[in-house]
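Asks: Each chain, letter by letter, is given below.
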Amino acid sequence: MTNTNGYHSGSNLERVLRAGHFAVTAELGPPQNADGDVIRKKAQLLKGYCDAANLTDNQTAIVRMSSIGAGAILVQEGLEPVIQMVCRDRNRLAMQSDLLGAYALGIRNLLCLTGDHQTFGNHPTAKNVFDIDSMQMVQMVTGMRDKRVFQCGEEFKGQEPRFFVGAVESPFAHPIDFRPYRLGKKVKAGASFIQTQLVFDIEAFKKFMDKVCSLGIHEQVYLLAGVGPLKSPTMAKYMRDNVPGILIPNEMIKRMEKAGEPWAGKSKDELTAEDKKARTAAWQGEGIKICIELIQQMREIKGVSGVHVMAIEWEKAVKPLVEGAGLYPRPVIPDASIVSAQPA
Amino acid sequence: MIVAEQKSLDEIKKLVGSAQKVLVVGCGTCVTVCFAGGAREAAIVAAELRMSTKLDGSPKEVTDVTVQRQCEWEYLDEIAPKLGQVDIILSLGCGVGVQAIAEHFPSTWVVPGLNTKFMGLPTEQGVWAERCAACGDCILGITGGICPIARCSKSLLNGPCGGSLDGHCEINADIPCAWQLIYDRLNSMGKLEVLMDIQPPKNWQTSRDGGPRKIVREDLRLDKKEE
Numbered sequence: 001m002t003n004t005n006g007y008h009s010g011s012n013l014e015r016v017l018r019a020g021h022f023a024v025t026a027e028l029g030p031p032q033n034a035d036g037d038v039i040r041k042k043a044q045l046l047k048g049y050c051d052a053a054n055l056t057d058n059q060t061a062i063v064r065m066s067s068i069g070a071g072a073i074l075v076q077e078g079l080e081p082v083i084q085m086v087c088r089d090r091n092r093l094a095m096q097s098d099l100l101g102a103y104a105l106g107i108r109n110l111l112c113l114t115g116d117h118q119t120f121g122n123h124p125t126a127k128n129v130f131d132i133d134s135m136q137m138v139q140m141v142t143g144m145r146d147k148r149v150f151q152c153g154e155e156f157k158g159q160e161p162r163f164f165v166g167a168v169e170s171p172f173a174h175p176i177d178f179r180p181y182r183l184g185k186k187v188k189a190g191a192s193f194i195q196t197q198l199v200f201d202i203e204a205f206k207k208f209m210d211k212v213c214s215l216g217i218h219e220q221v222y223l224l225a226g227v228g229p230l231k232s233p234t235m236a237k238y239m240r241d242n243v244p245g246i247l248i249p250n251e252m253i254k255r256m257e258k259a260g261e262p263w264a265g266k267s268k269d270e271l272t273a274e275d276k277k278a279r280t281a282a283w284q285g286e287g288i289k290i291c292i293e294l295i296q297q298m299r300e301i302k303g304v305s306g307v308h309v310m311a312i313e314w315e316k317a318v319k320p321l322v323e324g325a326g327l328y329p330r331p332v333i334p335d336a337s338i339v340s341a342q343p344a
Numbered sequence: 345m346i347v348a349e350q351k352s353l354d355e356i357k358k359l360v361g362s363a364q365k366v367l368v369v370g371c372g373t374c375v376t377v378c379f380a381g382g383a384r385e386a387a388i389v390a391a392e393l394r395m396s397t398k399l400d401g402s403p404k405e406v407t408d409v410t411v412q413r414q415c416e417w418e419y420l421d422e423i424a425p426k427l428g429q430v431d432i433i434l435s436l437g438c439g440v441g442v443q444a445i446a447e448h449f450p451s452t453w454v455v456p457g458l459n460t461k462f463m464g465l466p467t468e469q470g471v472w473a474e475r476c477a478a479c480g481d482c483i484l485g486i487t488g489g490i491c492p493i494a495r496c497s498k499s500l501l502n503g504p505c506g507g508s509l510d511g512h513c514e515i516n517a518d519i520p521c522a523w524q525l526i527y528d529r530l531n532s533m534g535k536l537e538v539l540m541d542i543q544p545p546k547n548w549q550t551s552r553d554g555g556p557r558k559i560v561r562e563d564l565r566l567d568k569k570e571e
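Those protein sequences? They're chains A and B, same order as listed. Everything in the first sequence is counted per this note's numbering, starting at 1 for the first residue and increasing by one. Everything in the second sequence is counted per this note's numbering, starting at 345 for the first residue and increasing by one.
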């Protein structure tokens with residue numbers, strides 16, 4: 001049996017959180033092809049600026065390189081992966097066998113999600129699985145880890161897959177009153193960390209966290225608040241209007257619009273390539289600035305143990321965000337240390 | 345009830361193919377109530393086929409008949425005398441009806457005129473919605489009488505996913521979020537604590553995943569074998 005030193009998996013992310021540091025995870029989107037160099041290049045952008053990188057699992061139901069395959073590359077690159085796994089594409093057999101393989105490949109963090117419905121993606125005519133839900137997945141993988149049993153209850157011998165297991169919550173999805181309780185259920189199921197949907201509305205998030213803390217959930221789990229840089233006012237409005245659970249305050253959208261003001265009122269044809277480049281840079285600069293402010297505010301909220309940076313297809317933004325928020329360099333916690341700090 | 349809708353005339357014509365004498369068989373039960381395959385629809389489809397094939401220059405001989413329940417063999421006996429005079433049966437029954445005909449009349453070619461959609465109910469005049477997925481292990485007792493297997497797009501058992509917004513499902517604004525409905529109903533009845541338990545993985549063996557299903561009631565069988 002593995003010597004766990006009191007850790008679930010002993011992953012870098014778990015060690016950083018247990019040591020009481022404000023953790024940083026970052027999202028890395030695998031490519032829609034079989035080119036491992038895409039992962040390697042993105043890994044170089046993130047390495048040193050986060051404690052672990054999340055690899056999405058066919059995000060928005062679009063076929064991409066598998067999170068486990070990409071995760072194995074990250075292990076080679078020396079950047080710790082958090083592999084995401086959704087319930088849409090695999091039944092309980094496939095999940096368990098893939099997780100045995102993922103552990104054997106050196107992967108130590110797992111994030112369990114329901115998964116977007118396949119109608120959103122590039123194979124809308126596919127059959128979905130949803131054999132088990134995300135809460136049941138958490139129970140299954142912690143059972144494999146802590147009791148060495150498969151989901152069916154059958155015990156197994158030899159190395160158990162020891163993952164630091166996380167789950168997600170979307171604080172502002174509906175029914176909103178149920179969200180803190182749903183989070184509590186995931187923790188009860190065995191989740192050690194939670195990553196949230198993107199948060200822009202700090203005031204609304206504080207109310208959510210107040211409820212989470214009043215239920216005592218923050219003492220049982222590390223909660224990493226989802227943050228991300230806005231790219232443009234159009235993207236901000238699109239997300240606000242189309243993505244369930246994403247609230248973006250009007251003043252934030254106004255700030256993004258103001259950043260592009262010097263170019264406002266001009267049609268596409270009137271703008272030169274340089275103009276467009278400068279406008280994009282101005283928007284992105286403001287987006288990063290807003291995100292840094294969000295991270296700083298998150299650090300002050302009770303029960304928040306870190307941030308999960310989702311710079312979707314913009315991994316370059318992670319470095320200035322983490323540096324700007326004063327979270328660089330990332331702590332280095334030796335493998336052997338046993339620290340008993342409780343979640344913040 | 346079983347809810348179905350008619351295939352397009354083009355598809356029906358392709359299925360009928362070169363057969364000359366067509367018997368359209370309606371059903372007097374579920375598909376009558378959902379206006380897809382009752383006596384009225386059988387007569388209309390027969391007329392459409394006659395007119396359309398006439399316009400095409402190769403008129404077919406199309407007659408129609410409606411049985412009370414296409415899904416029981418004994419009700420099919422009344423069409424037996426007609427079979428010698430037709431080349432093909434176009435069934436306007438549900439998928440069960442089509443198969444009942446195929447099983448009962450092994451030498452008769454039968455094609456479906458409907459797409460069987462789901463088990464559901466009419467929510468208003470002209471609107472039907474799915475309610476049951478026949479999973480074989482009813483959980484309505486713990487979900488406030490609203491089925492997440494049939495009505496949640498992901499058949500979740502432990503509450504809504506992150507895609508629930510303003511009462512509707514992430515896949516379509518016309519689909520109510522089953523978990524919002526469950527939450528609201530349990531909340532209004534003061535029974536939200538029901539949602540706090542973690543429901544274990546479902547046993548899908550009782551559903552289609554356990555293979556084709558069958559019920560044997562020894563107490564009802566007429567030809568019980570001696571032990």
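These aren't lab readings, by the way, just hints derived from the structure by calculation. Some hints here could point you the wrong way.
[Claimed, not checked] If we take Cβ atoms under 7 Å as the criterion, some of the chain B residues that face chain A in the derived model are:
#, residue
1, T397
2, G401
3, W417
4, S497
5, S499
6, G503
7, C505
8, E514
9, I542
[Unchecked claim] Label pairs and their in silico Cβ distance ranges:
#, chain 1, residue 1, chain 2, residue 2, range
10, B, R529, A, N91, 22 to 32 Å
11, A, D98, B, I388, 32 to 42 Å
12, A, E155, B, D553, 43 to 53 Å
13, B, V560, A, D98, 36 to 46 Å
14, B, V560, A, E155, 28 to 38 Å
15, B, C476, A, P249, 40 to 50 Å
16, A, P124, B, G511, 43 to 53 Å
17, B, T467, A, D269, 44 to 54 Å
Beta carbons: idealized from backbone N, C-alpha and C, even for Gly.
Asks: Against chain A, run the beta carbon of T397(B) and see if the smallest gap drops under 7 Å.
Replies: violated, 32 Å
Asks: Does the CB of W417(B) sit less than 7 Å away from some CB of chain A?
Replies: Result: violated, 32 Å to nearest chain A Cβ.
Asks: Is 40 to 50 Å respected by the C-beta to C-beta distance linking C476(B) and P249(A)?
Replies: Between C476(B) and P249(A), where Cβ atoms are some 43 Å apart, the hint holds.
Asks: Once the shortest beta carbon distance from G401(B) to chain A is found, is it less than 7 Å?
Replies: violated, 36 Å
Asks: Do the beta carbons of R529(B) and N91(A) sit within 22 to 32 Å of each other?
Replies: Cβ of R529(B) to Cβ of N91(A): about 30 Å, so the range 22 to 32 Å holds.
Asks: Given S499(B) as an interface hint, is its Cβ closer than 7 Å to any Cβ of chain A?
Replies: holds, 5 Å
Asks: The hint names S497(B) as touching chain A; please verify it with the least Cβ-Cβ distance against 7 Å.
Replies: Since the shortest Cβ distance to chain A is 5 Å, the answer is holds.
Asks: At a threshold of 7 Å, is the proposed contact between G503(B) and chain A supported by beta-carbon distances?
Replies: Hint holds; G503(B) Cβ to chain A Cβ min 5 Å, cut 7 Å.
Asks: Let me know if the C-beta of I542(B) comes in closer than 7 Å to any C-beta of chain A, holds or violated.
Replies: holds, 6 Å
Asks: Hint says 43 to 53 Å; check whether the CB-CB distance for E155(A) and D553(B) agrees.
Replies: Distance hint for E155(A), D553(B) is violated at roughly 25 Å.
Asks: For the range 36 to 46 Å, tell me whether the beta carbons of V560(B) and D98(A) fit it or not.
Replies: holds, 39 Å
Asks: Quick check on C505(B) please, does its C-beta sit within 7 Å of some C-beta on chain A?
Replies: holds, 4 Å
The structure shown violates the earlier hints numbered 1, 2, 3, 11, 12, 16.
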